[in-house]
Amino acid sequence: MNARDPQLPRLPDAAQARALAGFAAEAWDERIVPALTDYIAVPAKSPMFDPDWAAHGHLDRVARDAAAWVEARKLPGLKLELVRLPGRTPVIFFELAATRAGSTGTVLLYGHLDKQPEFNGWRSGLGPWTPKLDGGLLYGRGGADDGYAVYAAVTAIEALQAQGLQHPRCVGLIETCEESGSGDLPHYLEALKDRLGQVGLVVCLDSGAGNYDQLWLTTSLRGVATGTLKVEILTEGVHSGDASGLVPSSFRIMRQVLDRLEDSASGRLLPASLHCEIPAARVAEARATAAILGDEVWRRFPWACGADGGASLPTTTDPVDALLARTWRPALSVTGVDGLPALGDAGNVLRPHTAFKLSLRLPPPVDAAAAVAELKRLLEDGAPYNARVTFHPDGAASGWDAPAVAPWLAQAMNEASRAHFGAPLATIGQGGTIPLMNMLQQGFPAAQMMVCGVLGPKSNAHGPNEFLHVPYAKKLTAAVAQVIAACP
Numbered sequence: 001m002n003a004r005d006p007q008l009p010r011l012p013d014a015a016q017a018r019a020l021a022g023f024a025a026e027a028w029d030e031r032i033v034p035a036l037t038d039y040i041a042v043p044a045k046s047p048m049f050d051p052d053w054a055a056h057g058h059l060d061r062v063a064r065d066a067a068a069w070v071e072a073r074k075l076p077g078l079k080l081e082l083v084r085l086p087g088r089t090p091v092i093f094f095e096l097a098a099t100r101a102g103s104t105g106t107v108l109l110y111g112h113l114d115k116q117p118e119f120n121g122w123r124s125g126l127g128p129w130t131p132k133l134d135g136g137l138l139y140g141r142g143g144a145d146d147g148y149a150v151y152a153a154v155t156a157i158e159a160l161q162a163q164g165l166q167h168p169r170c171v172g173l174i175e176t177c178e179e180s181g182s183g184d185l186p187h188y189l190e191a192l193k194d195r196l197g198q199v200g201l202v203v204c205l206d207s208g209a210g211n212y213d214q215l216w217l218t219t220s221l222r223g224v225a226t227g228t229l230k231v232e233i234l235t236e237g238v239h240s241g242d243a244s245g246l247v248p249s250s251f252r253i254m255r256q257v258l259d260r261l262e263d264s265a266s267g268r269l270l271p272a273s274l275h276c277e278i279p280a281a282r283v284a285e286a287r288a289t290a291a292i293l294g295d296e297v298w299r300r301f302p303w304a305c306g307a308d309g310g311a312s313l314p315t316t317t318d319p320v321d322a323l324l325a326r327t328w329r330p331a332l333s334v335t336g337v338d339g340l341p342a343l344g345d346a347g348n349v350l351r352p353h354t355a356f357k358l359s360l361r362l363p364p365p366v367d368a369a370a371a372v373a374e375l376k377r378l379l380e381d382g383a384p385y386n387a388r389v390t391f392h393p394d395g396a397a398s399g400w401d402a403p404a405v406a407p408w409l410a411q412a413m414n415e416a417s418r419a420h421f422g423a424p425l426a427t428i429g430q431g432g433t434i435p436l437m438n439m440l441q442q443g444f445p446a447a448q449m450m451v452c453g454v455l456g457p458k459s460n461a462h463g464p465n466e467f468l469h470v471p472y473a474k475k476l477t478a479a480v481a482q483v484i485a486a487c488p
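Each residue of the sequence shown is one higher than the one before, starting from 1 at the first, in my numbering.
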């Protein structure tokens, strides 16, 4: 690394770094894990998965609980408001004045409290709303994605103050609509724009890690377009023996329609507009990351037939290609189905319709709204057999490619990683979507971005057996504190 600019704030020394780590570890054991245990038990599903969220009150409850926890820390000068715009999910906004004289910038810390739905397949003794701490892993829905963020963010600032380390002005923005595409967030950003200040650093705690051995910086995120594709061929189900062979199966028509979008043999998306040229810098990053992770890039997933020779294999076993495939190339997934009875209820009936919930991941530069329009045209026009084919979009968010990292931030993150993990900073693209990042990039184009998180190998956000790796979270909290201390 280059020599540090003497005009920038002094990084914590080794003794102070150890003190930050000790404070974070104690806070996690005594205060954060109990708070997250209570949080996991609340089925605070995002509005897309709980249309009656306002009546159920779960989102309001987790927001109130988190706000009360923050206020109970009694940080000097803390101002906190639970903001509620009419008809929209609640947001926690807090701010702490700078303790460093002459500091003019603001650090924005981001997280969310809403959750994905239950999903099935949880191991015996585990469940989405039954938190369990086992061997340093806190199981349950939402702890890692990303309910821990508000607690870790406030603890990082508290750790600095406990050691007498100065920091710039800090604000927190904790939403409850992220898993639904952050549809409410632009309205809150507009309402709070005067209070956000001049953001110089964004710390987003909603991302992942390539391993649990070092600090990982997310450098790109894919976009997403979702919606329901429905094929209708009959007005009601009929005897399959009477009609099959004459009435085309709605499932076969569905296959034909999807063949317009995807090569089913390779999984490659066919429209050129859904692809992009991968920047050379990101390819170079993928090579560096592949050198660290090797085959764990693809072996980390729970393959049905294992991940050994002769067992289930991914689309590619080349680590560099695998990293690019999950971060810079489009991919289609079917995440839900309607119109198919359960196996035990399946009679000899030709079904009237088949509906798929589609989730299309998009490369970072591809415009999500344009992709939705392309999908609708491609899937609906000229339906086979003159069937009724409709695509109803229900969400779209463009991806994000991180701006160049300033030398001071690169050095601060690398030194924080070495201090708290004993290994250098590493970078990785992520295949998921954080809608906030594009919003903030547009609103604060000069801001630096530290996007990180606890979603490491097998943590399985959105799926069964989701866990938060508590030892990693302790180190991440201390590392974030150290970076905030280095922020000009």
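Misleading hints may appear alongside valid ones.
To be verified - Heads up, simulated DSSO-like pairs for lysine-lysine below, C-alpha to C-alpha not over 30 angstroms straight-line: (1) LYS79 - LYS193; (2) LYS74 - LYS132; (3) LYS376 - LYS132; (4) LYS230 - LYS357; (5) LYS357 - LYS376; (6) LYS74 - LYS230; (7) LYS376 - LYS230; (8) LYS458 - LYS357.
Read the hints as simulated data drawn from the structure, not as lab findings.
Evaluation of the provided hints:
no.: 1; hint: LYS79 - LYS193; result: holds (16 angstroms)
no.: 2; hint: LYS74 - LYS132; result: holds (29 angstroms)
no.: 3; hint: LYS376 - LYS132; result: violated (43 angstroms)
no.: 4; hint: LYS230 - LYS357; result: holds (9 angstroms)
no.: 5; hint: LYS357 - LYS376; result: holds (14 angstroms)
no.: 6; hint: LYS74 - LYS230; result: violated (53 angstroms)
no.: 7; hint: LYS376 - LYS230; result: holds (12 angstroms)
no.: 8; hint: LYS458 - LYS357; result: holds (25 angstroms)
Violated hints, in rising order: 3 and 6; the structure is consistent with all others.
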